[in-house]
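Engineer: Using the sequences and the hints, build the whole thing.
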Amino acid sequence: MFRESIKNHTNQIFQNIDILFDAIPNNEFDMIKGGFKTWKHFYHLIHSLDKNFIDPSNYTEPEFNEKNLDIIFMDNGNELTKDETNKYYKNVKTKIQKYIDGLNEEILDEKIVFNEMSFTKLELILAQVQHIFYHIGYLHCCIKMEKGETPEYIGLYKVVP
Numbered sequence: 001m002f003r004e005s006i007k008n009h010t011n012q013i014f015q016n017i018d019i020l021f022d023a024i025p026n027n028e029f030d031m032i033k034g035g036f037k038t039w040k041h042f043y044h045l046i047h048s049l050d051k052n053f054i055d056p057s058n059y060t061e062p063e064f065n066e067k068n069l070d071i072i073f074m075d076n077g078n079e080l081t082k083d084e085t086n087k088y089y090k091n092v093k094t095k096i097q098k099y100i101d102g103l104n105e106e107i108l109d110e111k112i113v114f115n116e117m118s119f120t121k122l123e124l125i126l127a128q129v130q131h132i133f134y135h136i137g138y139l140h141c142c143i144k145m146e147k148g149e150t151p152e153y154i155g156l157y158k159v160v161p
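According to the numbering used here, the residues represented by the sequence shown are 1 to 161, in order.
Derived DMTMM-like pairs (lysine to aspartate or glutamate); straight-line CA-CA distance at most 20 Å: (1) K37 to E146; (2) K51 to E123; (3) K33 to E149.
Restraint ranges, calculated between C-beta atoms of paired labels, are given here: (4) E61 to D83: 16 to 26 Å; (5) N26 to E116: 39 to 49 Å; (6) L108 to P25: 37 to 47 Å; (7) N76 to A127: 22 to 32 Å; (8) K111 to D83: 31 to 41 Å; (9) E149 to S57: 40 to 50 Å; (10) Y59 to F2: 17 to 27 Å; (11) K144 to L108: 32 to 42 Å; (12) K98 to K144: 27 to 37 Å; (13) N27 to N76: 17 to 27 Å; (14) K111 to T60: 15 to 25 Å; (15) Y59 to L108: 13 to 23 Å; (16) N104 to N26: 34 to 44 Å.
None of these hints come from the bench; they were simulated from the model.
Ideal Cβ positions, reconstructed from N, Cα and C, are used throughout, including at glycine.
Structural biologist: Laid out in structure tokens, this is it:
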């Protein structure tokens with residue numbers, strides 16, 4: 001029962017990320033939106049899914065990651081292209097979908113200790129759902145202010161234009 005709900009909400013996240021990727025042209029991916037480079041918004045939310053959705057205590061950074069690359073407000077001189085970011089996103093999406101397919105209530109109740117805090121795997125997933133939707137909303141607001149309209153948004157039970 002929980003697995004199907006998690007799967008539905010996670011698919012909603014992925015649909016909205018896909019829409020945002022499509023809404024921002026390649027030539028705008030290194031532009032500033034809401035005070036931060038657009039690619040940083042995307043990398044931050046994808047990296048967060050990658051690190052925190054499954055088990056942050058047992059996480060290996062992607063090969064191309066550099067210190068603070070995932071910190072949205074820090075500029076370390078390196079930039080990722082839209083294609084590089086999208087490739088990383090597709091890998092994370094596949095990894096998470098496989099993880100969800102193997103979930104059961106026992107796994108969701110397992111405790112993870114990270115940074116001296118204890119969370120269940122369900123709490124990690126719920127935290128990521130909240131975090132990602134914050135960033136989706138933030139980008140929607142930035143696009144609305146810049147272009148006067150927002151990309152399509154996929155809600156739980158309908159498409160919101």
